[in-house]
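Chemist: Here is how the chains run, residue by residue.
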Amino acid sequence: MSQLIQSFVQECNELLEEMESALLNLEADPDDQKEINALFRAMHTIKGSAGVFDFDRLSKFAHHMESAMELVRSGERRLDADLAALLLSCKDHIALLLTQSVDGAAESDITAADDKSRQLIDQLTNPGSRTEEEETAHTPGVPTPVAEVEAYPSSALVEDASRQSGATSTIESGINADLDSAAQVFVQECRDLLNDMEQALLVLESDPKDLEQINLLFRAMHTIKGSAGVFGFDDISSFAHQVESRLEGIRSGKRFIDSHLCSNLLSCKDQVALLLDQSLSARTPSVSEEMLEQGRELIARLDGSVTTAGIQSDQKAGDVSTKTEPPQPATAENLWCVSITFTEDAYRNGIDPLSFLHHLSTMGKVISLLVLDQRFPLESAPNMESCYLDFLLLFQSTLSKQNIREIFDYAGQDCRVELFGPEDSLARCEALLKELSPEQRQLFHPLLLQHGFITDPTQGPLAQPKPSREEEEKRVESPRPVAKSAQKSAAFIRVDSARLGSLINLVGELVIANAGVGVLAKQHGLRDIEEAAGELENLVGEIRESALQLRMVPIGETFSRYRRVVRDLNCELGKEVELQISGGETELDKTLVERISDPLMHLVRNAMDHGIEDAGTRQRLGKPGKGVIHLNAYHDSGNVVIEISDDGRGLDAATILARAQQAGLVGSEQNLSSREIFQLIFAPGLSTKQQVSTLSGRGVGMDVVKQNIEALRGSVELFSEKDQGTKVEIRMPLTLAIIDGFMVGVGNEHYVIPLSMVAECVELSDESPVEFVEQNYMSLHEEVLPYIRLREFLGQSLAECEAEGERPIQRESIVVVRCGRERAGLVVDELYGELQTVIKPLGSIFQRLEGISGATVLGSGEVAMILDVPSLTRIAKRQGPGRKEAGQGKLN
Amino acid sequence: MDLDITHDAGVTRIRILDEMTIYTVSSLWESLLPALDMGQPLELDLSQVFQMDCAGLQLLLLVVKESKMRDLALTTAQPGPALPELLALIDLSTALRRSLGLPPAG
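Just so you know, the protein sequences line up as chains A and B, in that order. For the first sequence, our numbering assigns the number -13 to the initial residue and increments by one for each residue that follows. For the second sequence, our numbering assigns the number 309 to the initial residue and increments by one for each residue that follows.
Worth flagging that the hints you see were computed from the coordinates, not collected in a lab. Computed from a predicted model, the values in this text were never measured in an experiment. Ideal placement from N, C-alpha and C gives every residue a C-beta, glycine not left out. One or more hints might be untrue.
[As the list claims (entries may be wrong)] Selected chain B positions facing chain A (in silico; Cβ < 10 Å):
| no. | residue |
| --- | --- |
| 1 | Thr329 |
| 2 | Ile330 |
| 3 | Leu336 |
| 4 | Glu338 |
| 5 | Cys362 |
| 6 | Gln366 |
| 7 | Leu367 |
| 8 | Lys373 |
| 9 | Ser375 |
[Claimed, not checked] With a straight-line Cα cutoff of 27 Å, these simulated DSS-like cross-link-like pairs (lysine-lysine) come out:
| no. | chain 1 | residue 1 | chain 2 | residue 2 |
| --- | --- | --- | --- | --- |
| 10 | A | Lys508 | A | Lys612 |
| 11 | A | Lys508 | A | Lys561 |
| 12 | A | Lys420 | B | Lys373 |
| 13 | A | Lys826 | B | Lys376 |
[To be verified] Calculated Cβ distances over 12 Å to all of chain A for the following chain B residues:
| no. | residue |
| --- | --- |
| 14 | Asp312 |
| 15 | Arg321 |
| 16 | Ala363 |
| 17 | Gly364 |
| 18 | Ala385 |
Could you build all of it, start to finish, from the sequences and the hints given here?
Modeler: This is the structure we're talking about:
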């Protein structure tokens, strides 16, 4: 959820920015239909997404704005300067609502915002009240979003924090906007873990006995707790700790998972995500009282669903850490005497010993903590930025020695930790006490005695001052932060995706340079160099493969995000829909995955809201009450295909056609196949106004889906059967960067066909199996195959070539290409063979060029066009006798 | 100005107006030292100290220590929001608590 909400926030912010620029443009040119549409779409998307996330206030407000925009779009209302100003302040208000919805806000602020909402809506719906509107739009008291963020000044936060517990984050000056990189890794890791948890919980919901998932849950929480503590996110750490101890109960079999508990744990998971977000966005690591209250409530709910045995009430630990300090099973607790020494440079290295101590206090019970200031330089002037303090504490916890040491790992060389339990040698305690001032000894000695560190009260502080050999060794080897984390991360390395991007660019250049060497060697007849260049080419090919592989990720992760969407929408819409996922292991380029997730989300949402009928209707139609949405992915000849299918009501071709005719997209006399009609869904402006709800209406936004997919050089098609369901098929290339190509020659030009689309090559000679049936159809292997003569299509006549002194074409060949289910033949003059092809995008002026999808640079420095097989196939199929006119572009 | 020093009937009142953290301790100490050198009883007002880290705590302990060395009486008028929280975590010795004018640890 956190990821989803975050992407939502990001998306909203982007949309709001777009809106702002659109409004500003509109102020200059109120009739710019493109901007009006952009505005409308932005509003529509915000409304829809806000609805999904239950941000009702935001969604409602956006809905009103959308309606107002609808009037403008249909021309019923003119967008004059006043309205533009009003819309701008509405836009600001949305930003405010967004912040409030996501980050939470004080009751009074919410009320104020709601009043403002009503006011703005009023003005939107009653265009009459101009003057008032102007006033409010510029009222200084109106909180801008920025002001809202700062409405939690740090001092207020601190007050909050001090109210809520005895010891919180004022001790932490630490984590703020500029997180150090380690903390960023933590945040990333945390998000990943939360994702894992969500998956595990969803699995557990259907199979509560899956021990592996339970362990996974536990481990995830445990890790979050640990690392949050290290980075000073104390509120997260303490919350995670509490959840973890509940999970421990489940793991040990004391409790069983049921759907109720799953829901609660999911909310807990969300809570961690929210805490994380809030800690990141706020200037301090502490969070608002509401959040903490919410956390306590969640924990109470976790406990409430079952009576856990053996809860021990927390005693003194209560005021030491947070009030909600979880009960610890008494049996497993160990007592430790911990001595912590910091180097003088600790503060300067950004280490605040108190935050470690505070973290420690959330992991157990601090019986006593002494501050030792023996190191103060009394003769010379002290440097206040040097650390002179040491700490000694008695600590009761379930943690092992190793666990406690790990807490201090983060401080690295700046910190030395020694700890021992009562069973360890007496000599240590005595050595310790020896170092204390009389006053401190007085304080600490009885405690050691009481907890069994020292047995004989008379002996105590006076005996054996020397530390044991064993202890000396411990001192040396104690903080080894690197070893363990290195072990943990051995399997994976996190790499900045920008670095991968530049690697792939370089590999692309390498491919081109390598081809250049090959060409030169051939030109100069250097046989041995040619051989070496061939070897190099193989290696470069492998490098290219593995470089691209680095960016490949399975799509399953993206798919499984929608499980939560479906689950939540189920609750909201009162439907029962199951999301089936297959082909999750299908891999594709990470950038593609990222960019496809929004369109997919839209399609899933559509299927949920409009595709699947409610249970009653389904039963009447004789379908199972539970609807199914199926996400599937597979590789198909160098493409990846993603299918979203539902078994819902399907689309009604007649209705769509009627609407399209209304909108003037098709003439009334045009005869369209049902497949063509369904494609109309993707046309801009085909909106189904009757269905406007908090979720998107089928139709609106489908044009954006199509645009997004086409921007990835993909295509989208929709199949639907009334009452049987709908299937949307998205077809995309695996990667955007480098492909294996097949080079052919037409006239004196070179062209590249993506190798994955080449089915076979056949010579056009007398013995060939080709038989021409008609001018643009041939028979190959006794099958009818449409074909294009590329020379004609590309506008090069034979005469032209010969006039240029070209050697005469000996024999033509036909390259059979396939695209999905279609096949077509391309007649070319020459076959050159395979070629590693770095795709260079064409400039925007060539974008409308049919039949060409990009260009590449050959080894000789020449430019070769990459043929767009899907569009060529289409052209070949539809070509009638007048095909010469179909060839649109004369290149070069 | 991160602190406010007034002399009043033989008592030096020091009101710290800033956070007591690694970022401020050096300048605070420089301003505090002359006050200590005045040789008058000190009254420390920490009511405006909203944030205190380990360096701040160290500064406080140093003030206590220095005033003791100079035989000056030290009282803490307003513990402020940050200190009690810190003290909930840390046991200062009873004597130290007394010298800061705080209730003994319970």
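Chemist: Now tell me, hint by hint, if it's right for this structure.
Modeler: Comparing the hints with the structure gives:
Evaluation of the Thr329 of chain B hint against chain A yields a held restraint, the C-beta minimum of about 5 Å falling below 10 Å. Given the 10 Å rule on beta carbons, the hint for Ile330 of chain B holds: about 5 Å separates it from the nearest Cβ of chain A. Restraint check, Leu336 of chain B versus chain A: the minimum CB separation of about 8 Å is within 10 Å; hint holds. With a least beta-carbon distance of about 9 Å to chain A, the hint placing Glu338 of chain B at the interface is held under the 10 Å criterion.
The interface hint given for Cys362 of chain B is met, as the beta carbon of that residue sits about 5 Å from the closest beta carbon of chain A, less than 10 Å. With 10 Å as the threshold, the beta carbon of Gln366 of chain B comes within range of chain A, its nearest partner Cβ sitting at about 5 Å, so the hint holds. Below 10 Å, beta-carbon pairs count as interface contacts, and Leu367 of chain B has one with chain A at about 6 Å; its hint therefore holds. A cut of 10 Å between beta carbons decides the hint on Lys373 of chain B: the least distance to chain A is about 6 Å, and the hint holds.
A distance limit of 10 Å between C-beta atoms decides the matter here; for Ser375 of chain B the minimum to chain A is near 13 Å, and the interface restraint is violated. Distance check on the hinted pair: Lys508 of chain A and Lys612 of chain A sit about 66 Å apart at the alpha-carbon level, beyond 27 Å; violated. Annotation: proposed proximity of Lys508 of chain A to Lys561 of chain A is violated, straight-line Cα distance about 68 Å (limit 27 Å). Simply put, Lys420 of chain A and Lys373 of chain B have alpha-carbon atoms about 21 Å apart, close enough for the 27 Å limit, and the pair holds.
Between Lys826 of chain A and Lys376 of chain B the alpha-carbon distance is near 77 Å, which puts this suggested pair outside the 27 Å criterion. Chain A leaves Asp312 of chain B outside its interface by the beta-carbon criterion, the shortest separation being 18 Å against a cut-off of 12 Å. Listed as outside the interface, Arg321 of chain B is consistent with that label: its C-beta sits roughly 22 Å from the nearest C-beta of chain A, beyond the 12 Å cut-off. Its closest Cβ contact with chain A, about 5 Å, brings Ala363 of chain B to no more than 12 Å, contrary to its assignment away from the interface.
A beta-carbon of chain A comes within 12 Å of the beta-carbon of Gly364 of chain B; the shortest separation is about 9 Å. Interface exclusion of Ala385 of chain B from chain A stands, the closest Cβ pair being 18 Å apart, more than 12 Å.
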